[in-house]
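**Q** On the provided structure of chain A, position chain B as indicated by the hints.
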Amino acid sequence: MKEPQKNRAKTANWLVAPGLFWLLFFIVAPLVIVVIVSFATRGAYGKTLYDFTWSNYARALDALYLSAYWRTIWIALLTTTLCVVVSFPVAYYIALRAPERWKRILLVLTVIPFWTSFLIRTYAWMLLLRSEGVINSALLHSGLIHEPLPLLYNDFAILVGQVYGELPFMILPIYVALERLNTRLLEAAQDLGANRFWTFVKITLPLSRPGLLAGIVLVFIPSLGAFITPDLLGGAKSIMIGNLIQNQFAQLNQPFGSALSLLLTLAVLLLLVIAFRAGLKASELA
Amino acid sequence: MDEVYDVAMQNVCKKFGDTVAVNNVSLDIRVDEFITLLGPSGCGKTTLLRMIAGFEIPDSGKILLDGVEVTRLPPYRRDVTTVFQQYALFPHLNVFQNVAFGLERRGVERSALNKRVAGALEMVRLEGLETRRPNELSGGQQQRVALARALVLEPKVLLLDEPLAALDLKLRKQMQYELKSLQKRLGISFIFVTHDQEEALTMSDRVVVMNAGNLEQVGVPQEIYERPHSEFVAGFIGDSNIIEGTVESSSADLSLIKISHATIPVQGNGVQAGQPVRVMIRPEKIRLSSHDRQGVLQGRIASAMYLGEATQWKVMLDGGQLLTVLEQNTASAQAMKTRVGQAVSLSWEADSAVLLRG
Chain A
83 MKEPQKNRAK TANWLVAPGL FWLLFFIVAP LVIVVIVSFA TRGAYGKTLY DFTWSNYARA
143 LDALYLSAYW RTIWIALLTT TLCVVVSFPV AYYIALRAPE RWKRILLVLT VIPFWTSFLI
203 RTYAWMLLLR SEGVINSALL HSGLIHEPLP LLYNDFAILV GQVYGELPFM ILPIYVALER
263 LNTRLLEAAQ DLGANRFWTF VKITLPLSRP GLLAGIVLVF IPSLGAFITP DLLGGAKSIM
323 IGNLIQNQFA QLNQPFGSAL SLLLTLAVLL LLVIAFRAGL KASELA
Chain B
3 MDEVYDVAMQ NVCKKFGDTV AVNNVSLDIR VDEFITLLGP SGCGKTTLLR MIAGFEIPDS
63 GKILLDGVEV TRLPPYRRDV TTVFQQYALF PHLNVFQNVA FGLERRGVER SALNKRVAGA
123 LEMVRLEGLE TRRPNELSGG QQQRVALARA LVLEPKVLLL DEPLAALDLK LRKQMQYELK
183 SLQKRLGISF IFVTHDQEEA LTMSDRVVVM NAGNLEQVGV PQEIYERPHS EFVAGFIGDS
243 NIIEGTVESS SADLSLIKIS HATIPVQGNG VQAGQPVRVM IRPEKIRLSS HDRQGVLQGR
303 IASAMYLGEA TQWKVMLDGG QLLTVLEQNT ASAQAMKTRV GQAVSLSWEA DSAVLLRG
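Protein chains in written order, with my numbering: chain A, 83 to 368; chain B, 3 to 360.
So here's chain A without its partners, still in its complex pose (with noise of 0.2 Å):
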């Protein structure tokens, strides 16, 4: 009775085998290689040395890259709020209250963007925020404005990048904690003498946590790493560490590039830490 349960069981391991195989070469194996190139020093003409030093690591804690550091956790802050603030209303009207034939088609909207590349819609931002783009051209022939306003190459650009950019990642996951809310309990508060507002700080805010939870989490450590807004919509001073690392590998610095790399992945581990003691659940994320 038992065996040919085991032999399924032992079937199934090999499912696991193709997954397995990416993660080991294509994800453990760059970050041991980043590791160990992070101990090293950059030599003449970029070349590699394997001497092992915590240089890198000391310059990284320097003020000038320090700075970057506040800079980026700032603004990736400020872009997962934004995000929380926009999405909640949005994904609750989805779920709660659109007619059930809307519920697919507003779906399909939020993911749209998708269809194209990031870079290509952070272009079309820009040709909407500069001086002589859409956006400032309309205001100019309105007469609301007599000068353009400085709508890019700024912190401004970049928030509005950023949260267009995440906006679909928090929309969702809350959509999917609301959709499956029992809209009984609302009733069943309102029944017990909670009006609206209290019955969605008590039952739908608490319920809907884990979606939330998912949502900061899903939009607040990429907008860490961000760099590719960055570096089209800031200006000059609007570095972020995403930029910071993309130059040292293009300036050929690759040992500190690294040590920045990985003290990035240790803010976003420390991160999920607290998200998962706040009790984000992994199947959550999925």
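These aren't lab readings, by the way, just hints derived from the structure by calculation.
All residues carry an ideal CB built from backbone N, CA and C; glycine is no exception.
One thing to keep in mind: the hints can contain errors.
Here are a few chain B residues that face chain A, going by a calculated C-beta distance under 8 Å [claimed, not checked]:
no., residue
1, 57
2, 84
3, 86
4, 94
**A** Then chain B, alone, in the frame of chain A:
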């Protein structure tokens, strides 16, 4: 209107799209009454309950609670609470927090709140489970939490939307008894929605039978069962035989109905000689005898079904109609088989048969 009712509904109508869910319903529910809304699914009973709770607003008509109109008031401003079909316990709160939810919203001070929650949990015998989450409780325990959560607010009226449907038979019987005694002890009205006719008959002071948005009949259980007004009520509650006949004569409260060759006395009036009518008789009210008697219905036993405490006979009348007859198994069951095929006379007390209107 002199008497103030707990709940008074006046010409309440509710449509969903083109479907009429509740059609011009007027109903008064007395103080400390256990009233059951009974009907098949889609008959409007749940919609009626939801309008009393405030989850639906009637298209027209009025709802009064304790003499005050509440037709358009939101649920959180009505002095009624609900026990939901699947209990709708808050999954992120423990038993104590679930029961305390309503009291907190009403700003009840902490020590009084603790005392009232403890009292409510004691009432439903759930002491010691305060810190459990709903998903750590059995169905019966969840049911009790839902009850405690609704009753701790001391509502004027408790609404129960098929609260026992999810429980197994044994637990359901026990909860029926507990609900009934709880209602008597608290002295508040319970409005109970069910599609289970037996549940309605055993628990209620009055039963409201609904069909397709209309009130079919309102009465005490005995009335509903013994003197149904319509074929629908007769058919929905218990087994019934419907026999077609013609009125031969009708006096003060007794009519003589001609059915094939027999003339049967039936209680009821308001009919005229020559009029075709339908007569309802419950299977257990019919007596079978093997003596050939004049003036009563004659038939032949077509089949028998042994039900343990009783036997259900199918009797083919001489006119060709099949009647169901239920007989207690007072004698030994041995003779049962041999009776199939025998000729029998059928009779009953005049007040057992009902003239159906409509």
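**Q** Of the numbered hints stated earlier in the document, which are not met by this structure?
**A** none
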